[in-house]
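Asks: This is what each chain is made of:
Number of protein chains: 2
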Amino acid sequence: MTQSCIHYIIIFMEKLIECVPNFSEGRDMGVIAALRRAAEGISGVALLDYSSDPDHNRSVFTLLGSPDGVSEAAFRLCRVARDNIDMTRHSGAHPRMGAADVIPFIPIRGSTMDECVEVSRRVAGLIANELGIPCFLYGESCTREERRDLASVRRGGFEGMPHKLLQEEWAPDFGGRAIHPTAGVTAVGARKPLVAFNVNLGTPDVRAAKSIAKAIRGSSGGFAHCKAIGVKLESRGATQVSMNMVDCDSTPLHTVYEAICEHAARLGVPVTGSEIIGLAPADALIDCAKHFLKLGDFDRDRQVLESRILEL
Amino acid sequence: MTQSCIHYIIIFMEKLIECVPNFSEGRDMGVIAALRRAAEGISGVALLDYSSDPDHNRSVFTLLGSPDGVSEAAFRLCRVARDNIDMTRHSGAHPRMGAADVIPFIPIRGSTMDECVEVSRRVAGLIANELGIPCFLYGESCTREERRDLASVRRGGFEGMPHKLLQEEWAPDFGGRAIHPTAGVTAVGARKPLVAFNVNLGTPDVRAAKSIAKAIRGSSGGFAHCKAIGVKLESRGATQVSMNMVDCDSTPLHTVYEAICEHAARLGVPVTGSEIIGLAPADALIDCAKHFLKLGDFDRDRQVLESRILEL
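Chains as they are written, first to last, in our numbering: chain A, 1 to 312; chain B, 1 to 312.
Accuracy of the hints is not assured; some may be wrong.
When chains are identical, the list treats them as one kind, so a pair holds in a single copy or across two.
Quick list of in silico lysine-lysine cross-link-like pairs, PhoX-like style, CA-CA up to 25 Å [what the hints assert, rightly or not]: (1) K232 - K192; (2) K15 - K214; (3) K192 - K164; (4) K232 - K15; (5) K294 - K214; (6) K210 - K15; (7) K214 - K232; (8) K15 - K164.
Since the hints were derived computationally from the structure, they do not count as laboratory data.
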C-alpha cells in the first residue's frame, strides 16, 4: 500500500473539526506572520486559509484537523495574540472585545456538535487559566440563552468590557471579572459552518451600508439567517455590508445579494463586488449558480460529480 | 478497521473512469428500465445518474467505476439497446445515428486519457464483433482528424449512414461497411469531462433557438468550446438551445448563458429556464456563482471547504 493510501485511511478514520479564530490585528505583518507560524507545524492540523483586512483590522484563520490538534493550535494562537496585540491601542471597523476575539469550533466529519461544545469548554478553560483572559461561551456552547448570539456577548466592545464583566448577568464562564489589560475578553463556542460574505459599495459614505445592513439582517426584521453590519473601508475609500450567513440552505447567498443590489440601486449606490472570507461549503455556491442560471430541476445532491465520487 | 474504511481504500487505490452513453430512446419506459437494469449490479460500477427526454427521444446514463467494470456495463447497455431500439422507427429532435448513439469514456481519477482511449478501442471492437454494429472512434480516440468532432462523424444521421459508410473516407474503425439494420452505427471515444447544458426558450418557433445556437457555437464563429444546436421540444410547446460545453474553464457556463439571454432579448423571446443533463464538475458551477456574486478575489482552489478536505 502506498504512503498516500495510508494517509487517506488516517484521515477517514479521524474525527475532523474546523476552527475559525478571529484576531484583532489586520495590519502588522509581523504579528500576522507570528500567528501563522503558531498555527503551522502542529501534528494533525492543516492551516487551510488566513485572511487579513486592514480596515477591519482583523485576521481570520481557518484550521482543520483532529479535535486535539485543533484545540492545541487554537490555544497557541491565543497565546501569540495575547503577547503581541495591545487592545488599548486597537482601532478598526469591525466590532471586537479581545486580541483573540472569537474562537468557534465547527463539526465537519465524524464529529458532533456536542464534541465541539466539549472542545470549546476545554479551550476556554485553558485560555482563562493559562493565559489570564476571561472567556464567554457562545453559540451552541452558551450557558445562558442571552449568550447564544455573539453580537450580544460582544456588545460594548473592548472599551465597555471592564464595566460589563461586573454586571450580575455578565460574569464570564471562565476567568475572573476583570478583563486582561491588553488582551481583553475572548468568546469561545461551537457552531454550524457559516459563510462570511461581504458586499462592497462604491461610496465612502457609510450610511448606505448601515441602512442596507439594517434592512437585510434578521435581528431587525430582514432575512432570518443573515447577520449584517455596515462598515467603512478607509483604505479603499469604500464601504461594505459585512455579513455572517449562518444557514445558507435556508437563506441563500443569492437571495441576500440580490436584495442588497436592489437596496443599493434605490439609494443610487453602486455594488462594486463581493468577497468571501475564509472557506465556504460548495453547496452554498452551487445553489447560487443554480439560481442565476435558472437551473430549476438541478439536483445538487445527485448531479455534482465530486460529491458522487465522495459518496462512493 | 471498519468495513467502510476498507471500502475507501479500494476506491482510492482504484483507477476511476466515467462513461456517459447516449441511447436513442427517451419515451418507452420499458426500454429505459431495461437499460437501467443492464447498468446495475456490475461489480465496481455505480450508475450515478440517468436522464430521459421524450422530445430528444434520447436517454443519457452516467456510469463511474473501474475501467473493466465500466467497459462491461457499456457493452451490456449496447446489447440491450440493440435488442430493444429500432432506429427505422425512431424520431426525435436530437441528431443520432444509432440505438447506442455515442459512448464516451472520461478519465476521472488515477486514470489517463490514453487509458480511456484504450478502453474505447476495446469496447468498440466488442460492439462491432459481438453485436454486429459498425463503430467510429471519435474524440481523443479518433484515427483521422476529421473524426475527432462527433458532429462530423454523425452528420447524415441514421438515415444517411448506409450511404456514408460506403464513402472511401468513412469506412468504420470497427465492423463492416453496412449499418446494423435496426441499431445503426455507434460512435465510441475518449474525451475530457463536458457539461451538457440546455437553455429553454418560451416559444414554439424553433427559429430563435437555431439562430442563437448558430451565433454562440464555436464552429460558426461563436464561443470556442461551445457546441450548440437549436431543437424543438414538442411535448413542452417550447424550444431549446442544446449545448455541450467542452471546456468550462475556458468558456464558462455563465458567459454562454448571458450571451443567450442577450440574443433572446433582442429576438423578443423569453429564457424560461436551463437544465444540466447528467453530472457537472463542481468547479463549473462555482465559477458561475463567483461571476454572478461578483466575488472577484475568490479562489476556488483554496476557499471551497470540500476540496480542501479532499486535498488532505
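Asks: All hints, please: hold or fail.
Replies: Each hint tested on the structure:
| no. | hint | verdict |
| --- | --- | --- |
| 1 | K232 - K192 | neither (28 Å within a copy, 46 Å between copies) |
| 2 | K15 - K214 | neither (39 Å within a copy, 53 Å between copies) |
| 3 | K192 - K164 | neither (27 Å within a copy, 61 Å between copies) |
| 4 | K232 - K15 | neither (40 Å within a copy, 52 Å between copies) |
| 5 | K294 - K214 | between (29 Å within a copy, 22 Å between copies) |
| 6 | K210 - K15 | neither (40 Å within a copy, 53 Å between copies) |
| 7 | K214 - K232 | within (15 Å within a copy, 48 Å between copies) |
| 8 | K15 - K164 | neither (37 Å within a copy, 60 Å between copies) |
When each numbered hint is compared with the structure, violations occur for hints 1, 2, 3, 4, 6 and 8.
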